[in-house]
Each structure stands twice: as C-alpha cells, then as structure tokens.
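All chains should be built: construct the whole structure from the sequences, respecting the hints.
Here the protein sequences come in this chain order: A and D.
Each residue of the first sequence is one higher than the last, beginning at 0 in numbering that gives the first Met the number 0.
Each residue of the second sequence is one higher than the last, beginning at 0 in numbering that gives the first Met the number 0.
Take the hints with a grain of salt, since some may be wrong.
One copy or two, it doesn't matter: identical chains are merged, so the pair holds either way.
[To be verified] Derived DSSO-like pairs (lysine-lysine); straight-line CA-CA distance at most 27 Å:
(1) Lys-292 to Lys-346
(2) Lys-129 to Lys-49
(3) Lys-49 to Lys-83
(4) Lys-318 to Lys-346
(5) Lys-134 to Lys-83
(6) Lys-134 to Lys-292
(7) Lys-292 to Lys-83
(8) Lys-292 to Lys-318
(9) Lys-129 to Lys-292
(10) Lys-83 to Lys-129
(11) Lys-346 to Lys-134
Derived from the structure by calculation, the hints contain no laboratory data.
Computed from a predicted model, the values in this text were never measured in an experiment.
Number of protein chains: 2
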Amino acid sequence: MPAPSTLALVPFISVENMMRFVLHVGLERVLVELAGEIEADFRRWEQFDKTPRVASHSAVGVIELMPTSDGEFYGFKYVNGHPKNMAAGLQTVTAFGVLADVSTGYPLLLSEMTFLTALRTAATSAMAAKHLAPKNAHTMAMIGNGAQSEFQALAFRALCGVDHVRLYDIDPAATRKAAANLAGTGLRVTSCTSAEAAMEGAQIITTCTADKQFATILTDNMVGSGVHINAIGGDCPGKTELHRDILLRSDIFVEYTPQTRIEGEIQQLSPDHPVTELWQVIGGQATGRTSAKQITLFDGVGFAIEDFAALRYVHARVKGTSFVQNLDMIADPDDPRDLYGMLMRAKG
Amino acid sequence: MPAPSTLALVPFISVENMMRFVLHVGLERVLVELAGEIEADFRRWEQFDKTPRVASHSAVGVIELMPTSDGEFYGFKYVNGHPKNMAAGLQTVTAFGVLADVSTGYPLLLSEMTFLTALRTAATSAMAAKHLAPKNAHTMAMIGNGAQSEFQALAFRALCGVDHVRLYDIDPAATRKAAANLAGTGLRVTSCTSAEAAMEGAQIITTCTADKQFATILTDNMVGSGVHINAIGGDCPGKTELHRDILLRSDIFVEYTPQTRIEGEIQQLSPDHPVTELWQVIGGQATGRTSAKQITLFDGVGFAIEDFAALRYVHARVKGTSFVQNLDMIADPDDPRDLYGMLMRAKG
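Okay, structure coming up:
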C-alpha cells in the first residue's frame, strides 16, 4: 500500500505530548500565554460564529460538542461530564478537540483536551478576575479541591497576584492532595475544615465542586461585601453551587448569555435578570467592578471560544516540533473524484 | 514518563486501515452488512436522540457536526463540504467520527470517515431503493460520476439487483474514470453524453452531483412515470438538483424531516408539503411504493443515525484486530482528581 500523502496527515497531540509541551514551556507561562490568547479572542468576540454547546444528556452524565469559528479557523471540542466516573477510577471530564481550516474544511490539528481544558478554564477564570476582582486581592478561598483546583491556584497567582490559597473540600483527601501538590510552588496554602473557614480573609472565592445536582456550596450569609466570586463548578442544567440570594446581591458576568442561562448559576434566576458579558468588559464597552463594596460574580461555564483560542495556541506552538505525531486521517486520492480507485489500488 | 494506562487509549482506524479492512472483508459484503446495520437502526428510530446537524457555513463551504445517541452509544461525525476543493486537488468531502460510551463519556473509537461516509451513503441509498424502487428494476442512470458513484453502483447491484448502470457527468473525464473503475465488476456499464441518454430504460435514477448552488440536473419532462429517483447530491441549503415540478409529481421519502426541509430537494417546497420518513416504511408504519406508475423519490441528505450505525459496525468488526492502532487521547491519572499530579510526575 503506498504511503499516505502529506494532505492525508493530521497532526495529533497525545496526552503524553501535551504534558511534555506544558512541562517544556512551564505551566505558569502556558497559563499566562493562554489567557492572553483567550483575551485577544474575547476582544474580537463579534467576529465569531457562536452557538450554545450541543449537549446529549443521559441519566449519568452529558456528552457535548462545542463548535465555533472566526471565519478563518474552525474549532470544536468533544467533552463529557460524568460525576460518577470518579468512583470507578475514571475522569469526570475528558476532552479532545479539532482545529480546522475554514477555506478547505480540512482538519489542521487533533489534540487531547483533558489537560488543555483544565488549563484554559483556569486561564479564563484568572483573566475574568483580573478585570473584576478587587484591586490587590491576594487571598483566594478554593471550595472544591478536585482536578481543576491546582490549575486555578497557579493561574490566579500568575495573572492576579494571589499568594495565599485557602482550601476546603467536603472530602479531606482532596484537600490533602491539593495541598501536597501546591507545596513547593511558593504559594502559601492553608487547609481548612469548612467552607466558612476557607473564606476568612479571602478577596476571591473560587467554587469548583463537581456534583450534578442543585447544591448550595455557599449560602448568603457566608459572602461578605467586596469579594469576587469565581463560580465555575455549576456548568450544566441542574448543577449549581450558590444560593440564589447571593446571585441577587451580585453583579453577574458571563461568557455567552444564551448558554449560561441554561447551564450557569443564573439558571436559578428569571431569564431577563441582567448580566454582563465578559468580552464587553474586556473591550471597554461595559464596566466591570465599580466599587469596593460590590460583589462581582463570574458565572463561568466554559465557552467554545476559549477552546478555540487554546487549540490555536497549541497549534501555533507545536507546529513542526516533536510534540506532534501525524495521523493518517484524511483520504487523499490522487484524483479527488477517485476514492474508489484509491481503494482498489490499495490492494497493491 | 510512564506508559499511558489502557484507559487512556482510544482505538483509531486510519485511512489505510479502513481500506485494508474493506478489502479484507470485500467491498460489496461491507455494503450489504452496513445496509443491514443501518436498516436495523432505522427500525428502532424512536430510541435515538435526534437533532439536525450543526453546520458552520462559509462562502466556500460548510463544516458540520452530526451527533446522535441511542442511550448506550453516542456517535458524531465531523464532515466538510467544499465543492471548490476539487480544483485544488483536495477532497470535496472529508470526514472522521467518534463512537463513545454513554455511561462513561469515554470515546471508544476514532475513525476516518471519508471512506466510511461513501460506504454508508451508498448503503443507505440502496436500502431505500430496496423498499421504494419498482420491482425487478435492473437499470440505473447515474447522473454525476464523482467519488460516490462507484459505491452507489455496487451497493445497488448487491442490494437491489441492478446489473446495468448508465453513466453521465458534465465532465466526460469523470464518466471515463467511473466506467474504467466499474469495468471488471460484472456490471454492464454504458457511458452516455447527456442526462437524457443516461436515463433511457432506467428504472432507477441516481443524481449525485456536487455544485453548491441551485442546479437543475433533471427537468420535469425528462422523468417518466414509475421510476425511483435516488437524489443524493442536493444536501445543503441552496444546493438542489431536481426541478421543483418533479418533486410535485413524486411521493417523497426522507430520512429526518426537520433536517431535510433545510438541506434536501424539498427546500424548494412549502414547509408543510407531505413527506414520509423512511424509517416508517421500513418499520411498516407507512407505505412505500403503491403503484407501478408512481414516482418515488428518496431525497437523501445523510443523517447522523447512518454514521452511528457505520461507526458501531466498524467498531464491532475491527475490535482486537490489526486494523486499529491505539491513541493516547484520554488523560488517565491514577487518582482522577489528580490531573496536576499526573503532569508533575511526568517530569520524572
């Protein structure tokens, strides 16, 4: 059988190569660079073809496709969310994605995105906080110490100057894991035995818990004035973390309103409750934080443009390096109309 | 860096391995087996989560995602349609797809689908004709002799008893290519210099041309009573092949009405023009052909369930064989909550 032509080959970043790439560049530098790419794409928000993600729900989880395009590139991510996976030793969230050339429709990159999603989620949260958190915020409470927590902590250090994280998880083993991982990063880490304790002295409160059910991780009386809440665990219908009364006291910032109304904390509110889209704050069309007493809330659910920015970033960064391997994914007959002839000639 | 665990590995069918698989089993046998799988899934149509494909249109083409699920498996296909690609030596349509486990959200298979789409399209057309074409049909006109044509011809022979194909393409080189490819298959092949000539004596008329614009491949006066039309080239908004008057004389059968109203020949008709879904004919809930004079029209646009059936078919067929290679696509930390630790340990 003849070797596939170069047109047939799609660069692929495996999990191992993604880890090698991140370690090679340095995790915090990747987070900073990624936040820069995401911010640049948020600034040109109106150029993108946007659609709420396409979700397939089952009793135990959800599988989603998240496509978007800027007219030059097209990207989509496949991602699942299965809270019960953890008990079976599987990831709650796994993902992969594809970047393609709009002018030909040919895929340009296939990449693992379990790591890349963790990185872009942390980068997006920190980018939002850079625009919304109180000035000189240095202490962050982290409620939920799962797979996302260390990436959040390091992104907030690199982008927002956070130097102290206060950890709490309903499962002390998760807190021990996160504390052990963050020891030696230079961050001051305090492990706490309640959400209330974790929030003492924190200007930023990150909630990233994983249960697929209406939960109340934070009640109204726990949240003082002036804080920034980075609420990223509530990200699908029926999955929320904050008591409704907190939302009513907060100025709420979202990625893409039609999607967040379905998936975010604001599914608890009326469909016309005012929210501000983050890209407008970044671009100067809307105001972010206006007073020291204001509670700002980033109701983050993850949007396709963040994945698109992440795919474009790694595509540009790994091109021609040993971090990619080529996959024979696209049939490329000598004559495009002769797919059958290609098959017959493969007989050899 | 430690070797990835087996949970991290997703079986992948490359283009080369798809060709090896088809040649190993035999093309016509694959077409027959595929038609059987598609028909079986059409019989349980109501079990599927159905949605029109998610399309991203540009001036030069379209990129689409086609997801569906039966509650046990989830499948989606990525497919582009770029008519001008051919002039640049690229495929008009390329595709790949993924089958996943609904209970965990983990991918079970990544497969090239340029070949697989050509195969499932031909199998679906022949399956439809088996239920709709006049009895004892033996001659098929094929208007459009591009990449799909040989697969159509062989599927109609294997499933419907067609023994004579009459070829016509606006480009004589395409007809020469198809005729050369079909020589030696046992089919009688007649190359024609007009669509009218190709249709002489044909009981089945297949149109599979590729221009993305309203075209009139068949005019009303060309189509006599009693034929079955297999119209598969018109498959996106603005792309049709048949004159509207032919549609008005035909009984029209479609895959999934909401999608075909947007993409099929029936985009030329009012949104309430009666059509019958093919699965109802197959399941006995609706009648197919009722008289020898009737014109039956399969307005085929390609539906996600066909890709789903094709992915499940190859998944079952190639499992554990040398037709798959394993890709390290899913991050699989020892502790699912410890993605960060997995990254740090990769420094090793």
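Cross-check of the supplied hints:
Proximity of Lys-292 and Lys-346 under a CA criterion of 27 Å is satisfied in neither setting, with 73 Å inside one chain copy and 44 Å between copies. Within a single copy, Lys-129 and Lys-49 get their C-alpha atoms as close as 24 Å, which meets the 27 Å cut-off; across copies the closest is 41 Å, which misses it. In the homo-oligomer, the alpha carbons of Lys-49 and Lys-83 lie at most 27 Å apart only across protomers (25 Å), although the nearest pairing inside one protomer, at 30 Å, exceeds that limit. When the C-alpha separation of Lys-318 and Lys-346 is checked against a cutoff of 27 Å, the pair qualifies only between copies, where the shortest distance is 22 Å, while the shortest distance within a copy is 33 Å.
Neither within a single protomer nor between protomers do Lys-134 and Lys-83 lie at most 27 Å apart by alpha-carbon distance, with minima of 39 Å and 53 Å respectively. For the homomeric pair Lys-134 and Lys-292, the shortest alpha-carbon distance inside one copy (12 Å) is at most 27 Å, but the shortest distance between copies (80 Å) is not. In this assembly of identical chains, Lys-292 and Lys-83 lie within 27 Å of each other by CA distance neither inside one copy nor across copies; the values are 39 Å within and 58 Å between. Proximity of Lys-292 to Lys-318 under the C-alpha cut-off of 27 Å is found in neither arrangement, the shortest distances being 47 Å within a copy and 60 Å between copies.
Within a single copy, Lys-129 and Lys-292 get their C-alpha atoms as close as 17 Å, which meets the 27 Å cut-off; across copies the closest is 72 Å, which misses it. When the C-alpha separation of Lys-83 and Lys-129 is checked against a cutoff of 27 Å, the pair qualifies neither within a copy, at 33 Å, nor between copies, at 45 Å. Taking identical chains as interchangeable, the C-alpha atoms of Lys-346 and Lys-134 are never at most 27 Å apart, the minima being 68 Å within one chain and 35 Å between chains.
Consistency with the previously given hints fails for numbers 1, 5, 7, 8, 10, 11, ordered from lowest to highest.
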